[in-house]
Amino acid sequence: MPSTLYDKLWDSHLVADLPGGEALLYIDRHLVHEVSSPQAFQALRDAGRRVRRPETHLAVADHAVPTRARGGTIADPLASAQVAELEANAAAFDVPYRRLDGEGQGIVHVIGPEAGFTLPGITLVCGDSHTTTHGAFGALAFGIGASECGTVMAAQCLKQTRAKTMRVELTGTLSPHVTAKDVALALIARIGGLGAAGHAVEYIGPAVSAMSMAARMTLCNMTIEAGGRIGLVAPDETTFAFLKGRAMAPQGAPWDQAVAYWRTLGSDPEAVFDKSVTLDLGEIAPQVSWGTAPDDSAPITARVPDPTTLADPSARAKMEKALAYMGLSAGTALSGIAIDRVFIGSCTNGRIEDLRAAAAIVAGRRVAPGVTAIVVPGSTATKHQAEHEGLDAVFLAAGFEWRHAGCSMCVAMNDDRLLPGERCASTSNRNFEGRQGPGGCTHLMSPAMAAAAGIAGHLVDVRTLEPAR
Amino acid sequence: MTPFTTLSGTAAPLPEENVDTDIIFPARFLLITARAGLGRYAFHDRRFDAQGAEIAGFVLNRAPWRDAPILLAGANFGSGSSREQAVWALLGQGITCVIAPSFGEIFYGNCFRNGVLPIRLPTALVTALTERATAGERFAIDLEAQTLRVGDDPPIAFEVGAEQRLALLNGWDETALILNASSDDITAFEARQKTLQPWLYDMGASR
Ligand code: SF4
Numbered sequence: 001m002p003s004t005l006y007d008k009l010w011d012s013h014l015v016a017d018l019p020g021g022e023a024l025l026y027i028d029r030h031l032v033h034e035v036s037s038p039q040a041f042q043a044l045r046d047a048g049r050r051v052r053r054p055e056t057h058l059a060v061a062d063h064a065v066p067t068r069a070r071g072g073t074i075a076d077p078l079a080s081a082q083v084a085e086l087e088a089n090a091a092a093f094d095v096p097y098r099r100l101d102g103e104g105q106g107i108v109h110v111i112g113p114e115a116g117f118t119l120p121g122i123t124l125v126c127g128d129s130h131t132t133t134h135g136a137f138g139a140l141a142f143g144i145g146a147s148e149c150g151t152v153m154a155a156q157c158l159k160q161t162r163a164k165t166m167r168v169e170l171t172g173t174l175s176p177h178v179t180a181k182d183v184a185l186a187l188i189a190r191i192g193g194l195g196a197a198g199h200a201v202e203y204i205g206p207a208v209s210a211m212s213m214a215a216r217m218t219l220c221n222m223t224i225e226a227g228g229r230i231g232l233v234a235p236d237e238t239t240f241a242f243l244k245g246r247a248m249a250p251q252g253a254p255w256d257q258a259v260a261y262w263r264t265l266g267s268d269p270e271a272v273f274d275k276s277v278t279l280d281l282g283e284i285a286p287q288v289s290w291g292t293a294p295d296d297s298a299p300i301t302a303r304v305p306d307p308t309t310l311a312d313p314s315a316r317a318k319m320e321k322a323l324a325y326m327g328l329s330a331g332t333a334l335s336g337i338a339i340d341r342v343f344i345g346s347c348t349n350g351r352i353e354d355l356r357a358a359a360a361i362v363a364g365r366r367v368a369p370g371v372t373a374i375v376v377p378g379s380t381a382t383k384h385q386a387e388h389e390g391l392d393a394v395f396l397a398a399g400f401e402w403r404h405a406g407c408s409m410c411v412a413m414n415d416d417r418l419l420p421g422e423r424c425a426s427t428s429n430r431n432f433e434g435r436q437g438p439g440g441c442t443h444l445m446s447p448a449m450a451a452a453a454g455i456a457g458h459l460v461d462v463r464t465l466e467p468a469r
Numbered sequence: 470m471t472p473f474t475t476l477s478g479t480a481a482p483l484p485e486e487n488v489d490t491d492i493i494f495p496a497r498f499l500l501i502t503a504r505a506g507l508g509r510y511a512f513h514d515r516r517f518d519a520q521g522a523e524i525a526g527f528v529l530n531r532a533p534w535r536d537a538p539i540l541l542a543g544a545n546f547g548s549g550s551s552r553e554q555a556v557w558a559l560l561g562q563g564i565t566c567v568i569a570p571s572f573g574e575i576f577y578g579n580c581f582r583n584g585v586l587p588i589r590l591p592t593a594l595v596t597a598l599t600e601r602a603t604a605g606e607r608f609a610i611d612l613e614a615q616t617l618r619v620g621d622d623p624p625i626a627f628e629v630g631a632e633q634r635l636a637l638l639n640g641w642d643e644t645a646l647i648l649n650a651s652s653d654d655i656t657a658f659e660a661r662q663k664t665l666q667p668w669l670y671d672m673g674a675s676r
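So the sequence lines, in the order shown, correspond to chains E and X.
For what it's worth, this note's numbering labels the leading residue of the first sequence as 1, then goes sequentially.
For what it's worth, this note's numbering labels the leading residue of the second sequence as 470, then goes sequentially.
Calculated lysine-lysine pairs in the DSS-like style (CA-CA distance at most 25 angstroms, straight line): (1) E:K8 to E:K275; (2) E:K8 to X:K663; (3) E:K164 to E:K8; (4) E:K244 to E:K8; (5) E:K164 to E:K275; (6) E:K244 to X:K663.
A few chain E positions that, by computed beta-carbon distances, are all more than 10 angstroms from chain X: (7) H177; (8) K244; (9) F273; (10) A393; (11) E401.
The hints are simulated quantities; they were obtained by calculation from the structure and are not laboratory data.
Note that beta-carbon positions come from the ideal geometry of N, C-alpha and C, so glycine has one too.
So that you can see chain E by itself, here it is in the shape it has in the complex (with noise of 0.2 angstroms):
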């Protein structure tokens, strides 16, 4: 029977099927960070348990951290006391850790790629919700939480349930400035923020295959945000000259091993799916989102939708929320929305391609007055290759702050996040009610649009903006 993706990954890692139709699944990999592994060192501890395969983990602190300087001690205690737990808690059971000072420093999702510790074919956790993005390689890889990072550790097994399938096809070409970013929004704003709930969804297509890994890793980090706990890409060519070389993925001869069985790892062209939905590229404007939720995005060229417009109540009294906590009227034109600040960064654009992409627009260019706007590489080797290109040189000629490796302002749980009604274009995956700091408003975008708006001082058309000086 032909198979997609998704079924090869599952029985590839089925260890045994339990009664009440769950699955016993093996786990190959756990990406560990502070916030949600206290907890499960903990449990470890109380129970006597011991990690059972310590090298598949691999911890980085990311959420908490500052990222103005790097060095020293940590200003908040209650983040300095998290870090060091997780120091203390990788020491004491044995698990690789990558020091706050160190090169290897980033974001998970950001670290675990560049690492080749994410390969294609295998099973990868992390107790965080945008694990999807190792999918793009053809890993089967999801978010989970704290009490299950404590089950992986323990038993390199987790409880699954199988989840249905959705296949994603996306075709034509993207016209210049759009980018995956503007392709995930527009793919969550059409099938809605419950469009993939229960759902593997795997991107194929011809604009999959001429996707860059950063553009496939942008698509499957934002699935989580159509529901979907998993996004697929399958493994090719481009997958496999990424990875080669780097510090974690096979050498030599089991290399050619690996690349042999990856090469088996797409769905049979027969394979059914649950869902199926097909979108044209050439038809995507870049997109900004004007809510709180993903799914409430838009193209740059379009208004604020009306409330009233909307016949089911529910619908309506959901788009009036959202628009008076983000202090919008209908009928707004969304390009010419002012802004307070700009944020680069985060595990959806914080890698060296969404820096390049940002620096393009900034180069030559000014910061508007009253404009607040920081970069956040991914991760600190993201950053160095960023200075090596002189990219770190472009952002603060044009006034934006160059920061050190973490999560940033894509969470309020660090130094980095907005004040009340301060008004935010930001390449982050959410767009939550007090997701970058309470009564904060933040619209999301890629990095090209957020650059652009910065530039401008409120929400633009990167194609549109005048040529710079």
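Fit chain X with the ligand to the given chain E structure using the hints.
Below, chain X with the ligand alone, put in the same frame as chain E:
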């Protein structure tokens, strides 16, 4: 884990869709590494103003729902971030059952690992129940029988997975269950995988 068998009390109505885990447990409190004592952070920014004073209108600040053991929510409750703190905060607040038309997937699973019962019911039924909850009526839940009763009305049936129900009824720890029942299967799987995909067992020169 405390077993869940029966439960009765008021049900706090929160008829709002997409109440995500950022609303249930704001991110800035994620710096706390304990799992006990998180109750006061549940819905923190809805419950308290910037000065820390209670916001009078929020349902959990009002009688008779201050100590409600049940929450009656809108669709897609617990979506967003995977933070298990959302469940621990509900537990700390004394809420051990959430009724909604649908749930965020990770949140739903996290409930069962912590002795919290999430009940999915059709939207129309949840809407009808919200009226009863708003009137301050008492709800009674029997997990063994898989029924929910409001006042003297006939019981309403609900579905949960057979395994998940057993785990809740007995207060089982998932990790212990796996280690007890499947250790041999796991070892056999590893032996097989090591032959087929040896590269997964050699983590590279530097790490
Ligand atoms: S960058 Fe944001 S979404 Fe990504 S792991 Fe960090 S907090 Fe989560």
